[in-house]
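Peer 1: Okay, here's what each chain looks like letter by letter:
4 protein chains.
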Amino acid sequence: MSFILSMMYSLVHTAFALQLKKSNNYLCHQLNVLLDALWQKALESRGKLCIGRTHGQAAQPMTFAIKLLGHLCELARGHMRLKEASKVISVGKFSGAVGTYAFSDEKIESRALSFLGLEPETVATQIVARDRHAQFFTALAILAGSLERLATELRLLMHGGVREACEPFSSKQQGSSAMPHKKNPILCENITGLMRLVRSYSMAILENQALWHERDISHSSVERVVALDATSLIDFALMRMTKIITGLVLDYERMSSNLADAGSSIASQAVLVALLDKGLWRSEAYDLVQKAALATGKNFKNALIEAGVHRWLKEEELENLLQAPTGVASEALLFNRAQKIMDSIFN
Amino acid sequence: MSFILSMMYSLVHTAFALQLKKSNNYLCHQLNVLLDALWQKALESRGKLCIGRTHGQAAQPMTFAIKLLGHLCELARGHMRLKEASKVISVGKFSGAVGTYAFSDEKIESRALSFLGLEPETVATQIVARDRHAQFFTALAILAGSLERLATELRLLMHGGVREACEPFSSKQQGSSAMPHKKNPILCENITGLMRLVRSYSMAILENQALWHERDISHSSVERVVALDATSLIDFALMRMTKIITGLVLDYERMSSNLADAGSSIASQAVLVALLDKGLWRSEAYDLVQKAALATGKNFKNALIEAGVHRWLKEEELENLLQAPTGVASEALLFNRAQKIMDSIFN
Amino acid sequence: MSFILSMMYSLVHTAFALQLKKSNNYLCHQLNVLLDALWQKALESRGKLCIGRTHGQAAQPMTFAIKLLGHLCELARGHMRLKEASKVISVGKFSGAVGTYAFSDEKIESRALSFLGLEPETVATQIVARDRHAQFFTALAILAGSLERLATELRLLMHGGVREACEPFSSKQQGSSAMPHKKNPILCENITGLMRLVRSYSMAILENQALWHERDISHSSVERVVALDATSLIDFALMRMTKIITGLVLDYERMSSNLADAGSSIASQAVLVALLDKGLWRSEAYDLVQKAALATGKNFKNALIEAGVHRWLKEEELENLLQAPTGVASEALLFNRAQKIMDSIFN
Amino acid sequence: MSFILSMMYSLVHTAFALQLKKSNNYLCHQLNVLLDALWQKALESRGKLCIGRTHGQAAQPMTFAIKLLGHLCELARGHMRLKEASKVISVGKFSGAVGTYAFSDEKIESRALSFLGLEPETVATQIVARDRHAQFFTALAILAGSLERLATELRLLMHGGVREACEPFSSKQQGSSAMPHKKNPILCENITGLMRLVRSYSMAILENQALWHERDISHSSVERVVALDATSLIDFALMRMTKIITGLVLDYERMSSNLADAGSSIASQAVLVALLDKGLWRSEAYDLVQKAALATGKNFKNALIEAGVHRWLKEEELENLLQAPTGVASEALLFNRAQKIMDSIFN
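Chains as they are written, first to last, in the numbering used here: chain A, 1 to 347; chain B, 348 to 694; chain C, 695 to 1041; chain D, 1042 to 1388.
Don't take every hint at face value.
What the hints assert, rightly or not - Subject to a maximum C-alpha distance of 25 Å in a straight line, what follows is the list of computed SDA-like cross-link-like pairs (lysine to any residue):
no., chain 1, residue 1, chain 2, residue 2
1, A, 340, B, 454
2, C, 777, D, 1087
3, C, 801, D, 1087
What the hints assert, rightly or not - Residues from chain B that face chain C, not an exhaustive set, calculated with beta carbons under 10 Å:
no., residue
4, 404
5, 612
6, 618
7, 632
8, 635
9, 636
10, 640
11, 661
Honestly, the hints are just simulated from the structure, not real lab data.
All C-beta atoms, glycine included, are put in the ideal place defined by N, C-alpha and C.
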């Protein structure tokens, strides 16, 4: 009888642990669907050259598949974090009002929890310790950051000055209410905003840890909002991002023309390295190449020759260098690495 | 030559990975010292009865050792989180400006990084992805929450109305500048404040994830502040807390008298359970016991009898119930559980 | 026609401004009700002596009314912040897609907005700038902090070791589900948790400011959640706190006995000052008084005499000093100051 | 004597108030310098047409000056917030250990504080209430958001696909270490990161409000870090942004060619409005214009005619509509509005 009473007492907490565990499993599943969509899109865009950009500036060529694989691997780490968090939150307790088993029995606790797929809390207060929940919700916050990074990348690729990718846009969908010509990245912008919320929820959850003595109930109102809202928003964002990636329209011609516009100047690193190999000091070589690269309105090769590069590099050598390394070479290697991670998650 | 160049290029990032790894190791060590201090203090306070409090109210007796073991186990989970984070941040890259190995070789990268004790980033941009750093610094934020919980517990136990514990207070130390009679929990209050900072740093780090394209440098200024300040503050808090726990003055007499003051009314749960076993409806039994428990200025046993409890429980039965279960019974079990966790960390 | 179109275009934004303005007004009203309840309770507890505590330790006597007036004045500043924010968010725009009045007329905008009680945005993008909303929601976050401070104070005053105040507790209400003897500060703990949420929402709102170019829509999803949830939670907390303050049960006897328990040692500052007036060095006087104050199990006066204080202070002087100043003297002054602030809000 | 003692006691707090007040004044001055730089740059770019973009897509033409004026007005509101915060934090107290003037005199307090340019706290605890500091540091967080919005705008305008503006770049400065051809927006990216820090500091400060009873000292460690770091970072960001704006290189030709590239399709709103004026239903007109606007590889006018627009609009009417309104018309109005705000700050 007394055990039943203390079970009643702890039932709501146990139900919460089961809900969190189930939500976590479900989000892992939804994340797998997104990972699969990214993998398919990466396969589809294999070997497609585009500019790799740092600081928003053309840096070196890469393939679009490599870009997607980077996001895929980050999201796959998010999956691992959820799996780790799952173990940490799958914990219950029937050890009584202050965790001393005063009216209950640890053997029955152990049997009851194991039946539910939960572990007993090592040393409980009235409740399971809240660092466990903090781990789950900060894992969601980090996942939110990864989804925001992908959404931001797509927003930049849809920018009017870039136009290399486009969110799926149904033929019936209206664009801007007043400006019919626009295709706006509203799905990605929406995800960007929602991820701010998920991030902010984690702050409230972190403040929940320092409860007084063997517990106060201040954590409860926070959890009732955050447990529902943070998981729902991540679920929604995962589904929406899956839809975006699956239907993503890639404009390979635009990627090529952007690459061409960036011009041979993005080969400046190759020329710099070659000059160093010829024995120039770094500062000397750097000044020379920079001067040519920043000379506007000129062909880079001609600018290099005018700057005096021909004293060290023959025209033929220069031509070869200006065929910048494409990044295609490493694509297979990077697919292999990503494959291993996908295998570890899906098997 | 070209490889050396790209090594130079990535050197600062590699140094950062090594610094983070080393800081993490050092913080694990400092955390071990604190865990050991808690373990010693738990051994020392074995079997010492005190009130377990929920909502700041007397709930049921427990031992002071059990209280400490709960904190110890939470902090031990912080240790595991740091260990997991260590693997995730011990990652470097020499794969070039956008991660395509355009001027470098993955075999040399692999050898160089392995020499440094780092893993290569699976698919890099110009840098290692920032979800990794978010995992480390949110692990620190969760650890901060655990330290804050312990500091808050000690502040409450030092409260003028409780006085069951006292921070070490050197004989030469002055108390309040204007009020010589006071022993203030200033070390614990200091830790409480610092942990707010560590928590807030994690927000800036989470915002660092969504860099543009193959990287922008907005994360760098944040990391230069947070990497130093968050780890230093945690280090300081761990040392300070170790000093507090080691020198913690426990007032067992005061624990006993507080327990006595709480009176036999904290046995109300036992009486409630006994009445249920006798066949009363829960609401009937609850009303009856609550009425007696809240009758001020009366002995609980007499109040129960006046309320009519003797119709179901003989005076002898009642006497036994009013000897509330002490929580000492489960102490050995909880020590065993904590021991296993300590073993897994120290071995 | 074209103006109607651009009005349609901006209608949802205008509606949002009106909602925020109305919410703000409503919260000001709810806050007034709480301020009034605090004022009444302060009047009621006028002249009632209690311990003023710093660091959780007895410091000097004060009256309970003074304690409440401090909270009242902080909350009144929250009222002023809401009033200031009201002006800042009562702003609309009908200046077209990028704020250039391309298809609209600033005179019509001015007339339409003035009809709605709004000001036109000075220089708009597609929308009103989001620093305005940040001011409103951080004002709510600061108000949340003030409510949390009051809730925390009451939780401490209800602590089993203090028991100077008690949340209203209906005679039918059940206490702890398993422990019928407890009166838990669950309303205040609930407010504490909810205020964490309001604080965290402000982080998401602050991230909303840096929209791209003439606007992206990432702010919208955040605002749809936060505008509703943050204002509702503050409204709920204000109502709940009003109910708590109105029904707050004060135990003046317990305040007296806690004051007596703190003993004459809280007069240590008076003795210290007197010794300084007699010409002792500060360090000498401090050591002497501290030694006496920390001598446990002894009457403070006797401990002082044993420590040698009688060489500078006659017994009569000492007696007078040990009647610590009560803090009652300044009560009228502080009531006057609070009155002025109440007048400025209510008139 | 006793007053001097309590002055010593409160001296550190008074010094803090004076430091905050002085920092605030200094930041106001630095902000003025930035506002002036923005004003000069707005004058310089008067009448210079560029695309206004929403969702990163071309929306309607505007002038570059209007863009800058929007940022100027937002930053000017930041100035007003600092001024309001200045009053709120310029507060001290010499009212003793728990604010009751037990050993001090309110008249002397009033005289001493007025000498220092401070107001007395209305009803103090041991310290001035911390909602005051929260107001100052959230005002800085909002200012940080405004600076981040400007930095983000400039990063987007420097993007390789946009190139309408460029951070000042000294002729001696090296670009990317490995890629000499690049001009990276590193100053703006740096500001972006630093503003994340300022935002996060405000969270720790908001948590400082709920101190226990008449004060605990947990706020102090937070303030010692944040007061210094948040104000220094804002100061640094203001100076850096002033330098960027002053030396900002604007490429008006590129603005023109980007405007031309966006094509006449950005006049779609004008055509839509004209069709509505001719009596078409909104959905009918929208479908028709959208179809033409999204027809790639075609001249917008021809696409409109093919879509059947000529049934309602003569070719001449269409030609006029395709000369999209430039936004220049409203420039003078917006300058006037900004001027008024500048005047109110500088006079």
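Peer 1: Take the shortest C-beta to C-beta distance between residue 404 of chain B and chain C; is it under 10 Å?
Peer 2: 5 Å, holds
Peer 1: Classify the hint on residue 640 of chain B as holds or violated, based on whether any CB of chain C lies nearer than 10 Å to its CB.
Peer 2: With a minimum Cβ separation of about 3 Å from chain C (threshold 10 Å), the hint on residue 640 of chain B holds.
Peer 1: Does the alpha-carbon distance linking residue 801 of chain C and residue 1087 of chain D stay inside the 25 Å limit?
Peer 2: 23 Å, holds
Peer 1: Within a Cα-Cα threshold of 25 Å, do residue 340 of chain A and residue 454 of chain B meet the stated pairing?
Peer 2: 18 Å, holds
Peer 1: Does the closest beta carbon of chain C sit nearer than 10 Å to the beta carbon of residue 612 of chain B?
Peer 2: 4 Å, holds
Peer 1: Can you verify the interface hint for residue 636 of chain B: is its Cβ closer than 10 Å to any Cβ in chain C?
Peer 2: Holds, because the Cβ-Cβ distance from residue 636 of chain B to chain C comes to roughly 4 Å (cut-off 10 Å).
Peer 1: Next item in the hint list is residue 661 of chain B. Is there a CB on chain C closer than 10 Å to its CB?
Peer 2: For residue 661 of chain B, the interface hint is violated, since the closest Cβ of chain C sits about 21 Å away, which is over 10 Å.
Peer 1: Let me know if the C-beta of residue 632 of chain B comes in closer than 10 Å to any C-beta of chain C, holds or violated.
Peer 2: Holds, about 9 Å.
Peer 1: Restraint: residue 618 of chain B near chain C, CB-CB cut 10 Å. Satisfied or not?
Peer 2: Hint on residue 618 of chain B: holds, closest Cβ of chain C at ~8 Å, below 10 Å.
Peer 1: Mind checking the CB of residue 635 of chain B against every CB in chain C and telling me if the closest is under 10 Å?
Peer 2: 9 Å, holds
Peer 1: Holds or violated: are the alpha carbons of residue 777 of chain C and residue 1087 of chain D at most 25 Å from each other?
Peer 2: Status violated; Cα separation ~37 Å.
This entry does not satisfy hints 2, 11, going by the numbered hints stated previously.
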